[in-house]
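Asker: What follows is each chain in one-letter form.
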Amino acid sequence: MPLETLDRTPPPFFKQEPSALSRLMLLSTLALFLMVADARLHVVQPLRAAIATVLYPAQWLALQPVQMIQELAGYLTELKTARKTESAARLKLAEQSQRAGQVEQLLLENARLRELLALRERVQVPAKMAQVLYDATDPYSRRVVIDKGQLQGIQPGSPVLDESGVLGQVTRVYPFGSEITLLIDREQVIPVVNTRTGTRSVAYGDPALHGGMLELRYMSTAEDVKEGDLLATSGVDGVYPPGLPVARVASVDRRGDSSFSRIRCQPLARLQGVAHVMVLEPVGDLAPTAAVGAAPAEAASAPASRPGRAARGGRS
Amino acid sequence: MIMPRGQPLLLPASPGFIWGSLLAALMLDLLPLGRVLWMPDFLAVVLVFWSIHQPRRVGLTAAFAFGLMLDVHQASLLGQHALAYTVLIYFAIMLHRRILWFSVPGQALQLLPLFAAAHAIAIVLRLIGGAEFPGWQVLLAPALESMLWPIVGALLLAPQRRAPNPDANRPL
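Protein chains in written order, with the working numbering: chain A, 196 to 511; chain B, 21 to 192.
Each hint should be verified, as a subset may be incorrect.
As the list claims (entries may be wrong) - Pairs of lysine to any residue residues, derived as SDA-like cross-links and limited to a Cα-Cα distance of at most 20 Å, are as follows:
| id | chain 1 | residue 1 | chain 2 | residue 2 |
| --- | --- | --- | --- | --- |
| 1 | A | 343 | A | 370 |
| 2 | A | 210 | B | 77 |
| 3 | A | 210 | B | 52 |
| 4 | A | 343 | A | 244 |
| 5 | A | 343 | B | 77 |
| 6 | A | 210 | B | 94 |
| 7 | A | 343 | B | 75 |
| 8 | A | 210 | B | 156 |
| 9 | A | 275 | A | 257 |
| 10 | A | 421 | A | 394 |
| 11 | A | 210 | B | 74 |
| 12 | A | 275 | A | 285 |
These aren't lab readings, by the way, just hints derived from the structure by calculation.
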C-alpha cells in the first residue's frame, strides 16, 4: 500500500492563530504568576495535586524498569556482602535490645514520676511505614518522594524517620504520594536539645557542605558543646515528638572574631539511598503547653514549619 | 519549493508518532535515576526537534504543559520548567526556517546557546528565589543536549524517510 505523500491539511490561508510572540508573552506571564503563587503565596497545591494525579501512571511506568534493575542487582549481590550486612544488623540489634530493656523500666519510672509531678503524659504517636520511590531531581532542594499519600492518610507537616533518626518532614501531599523535605534542605529547620547538657537550640539545614549537614546557629562560644554530642528533638515545636535522635555534633569551631561558634552536625538518618521510612502523625497542639507556656511554643513552631527569608537574614 | 541541496523529500509526519515520541521523552525524564546534575533533558531536545520540523503541530502551549508536568515531578518551583520551555520553543520556532539549511552538526552548534539559555533561565529563577548554585556540572547539561541532537534527529526522521511505495529494492 503506498503511503500518503502529502499532508492531508494544507496550511490555513486566512485563519490565523495568535502569533508566537503573543503566545510567548501570555504563557510566560502565566508561568511567572504561577511561580510567585507557588513560592510566596503557597496557593497552587490543588493544581500540583491535579497534575501529579495525571502524571502518576507515567511515573509508575517509569519506576518499573529502575526497580526491576535494582531488584536484579540485589539478587546478584555476593553472599559475602549479604553476610556482612546481616552481621552488622545483628550487632545493631544487640546494641538496641540492651537499650530497649532499659526503656521498659524507664517508661514505668517516668510514668510514675510524671504522675507524681502531675505532668502531662507523653504522647504516643501513631506511625505509618512507607517506601521511598525516588530522589527528586531538582538540584536546588533536597527532597524524596514516598509511595503513601492523601489516600493513605498522610498529612502535610508529618515528621519522617528512618531506622536511625529523623529524616525530614512531609511538605507536599499528593493523592498517591508525598514529598519529604530532608533535614539538610536549605529551608528546613528543626528544634533540638543536646542530650548531654540539655541545652535547647535550633538546627538549620545546609546542603552545600560535605553532601549535606546541619548547622546549630546562634550558639554562643561560651556554650558547652562538644564533638560527638547527640542532638535529639526537643518537642517544643509541636511537630516532632520529643526525644527522637537527629544528629551528632561533627565539629565545633570557636572563632575569635565572633561571639557565636560555628557548629556542624552530621545527621543520623541515611540521607542518600534510604529505602524505607516511617511517617509519624504530627503532634499538633499536643505540645507541652503547660511546661513551656503558649508564647514560646508558638515562637518555636514558626521556624519549624517553613521559615521566611527574614529568619535566615543572620546567616554567618 | 526551495530546499537545501541534497535533502530528500520527506513523507508527512504522523501526529501519533509526534505525540508518541514526546511521551517517550517525558518517560525518559521521569526515570528515577537519582540526583544527577548533568542529566540532559530529553524532553527539551524532542520538543525543539518537533517545533523546528513541525512548527504547526507542536508549539508553545504543548511546551508549557510539558514544563508544568516536569515541575511537579521534580518538586521544583511550579512554572520554572514551563517558562524555560516556552522561551526555548519560541526561539526554536523563530529559528526553524533558517536552521534546516545547515548540516546536522551545524544545527547542533546553533542550538547550543538555546539549550544553555533554557538552563540559565531555571538557574537565575532559583537564585532569585534564594537557592544556592548547585555546582558546575549543571553546565554540562546543555552541551550534552546539543550532542543528542544528531541522534534524536536521525531517530525521529526515520519514519519520514521511508519510501512512499515500497518494492523489492526498497523494502522500507
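Asker: Next, verify each hint and record whether it holds.
Answerer: Cross-check of the supplied hints:
In summary, the hint linking residue 343/A to residue 370/A is supported, as the alpha carbons are separated by about 8 Å, within the 20 Å threshold. This hinted pair checks out: residue 210/A and residue 77/B have alpha carbons roughly 15 Å apart, not beyond 20 Å. For the given pair, residue 210/A sits about 43 Å from residue 52/B by alpha-carbon distance, which is inconsistent with the 20 Å threshold. For the hint pairing residue 343/A with residue 244/A, the CA-to-CA distance comes to about 14 Å; that is within 20 Å, so the pair holds.
Restraint check for residue 343/A and residue 77/B: not satisfied, since their Cα atoms lie roughly 38 Å apart, outside the 20 Å limit. A hinted pair counts as satisfied when its Cα atoms are at most 20 Å apart, and residue 210/A with residue 94/B does not qualify at roughly 38 Å. Taking the CA atoms of residue 343/A and residue 75/B, the gap is about 41 Å. The hint is violated against a cut of 20 Å. At roughly 47 Å between alpha-carbon atoms, residue 210/A and residue 156/B are farther apart than 20 Å, so this suggested pair is violated.
For the hint linking residue 275/A to residue 257/A, the alpha-carbon distance of about 32 Å lies beyond 20 Å, and the restraint is violated. Between residue 421/A and residue 394/A the alpha-carbon distance is near 12 Å, which keeps this suggested pair within the 20 Å criterion. Between residue 210/A and residue 74/B the CA atoms are separated by roughly 18 Å; this keeps the pair inside 20 Å, and the hint holds. Between residue 275/A and residue 285/A the alpha-carbon distance is near 15 Å, which keeps this suggested pair within the 20 Å criterion.
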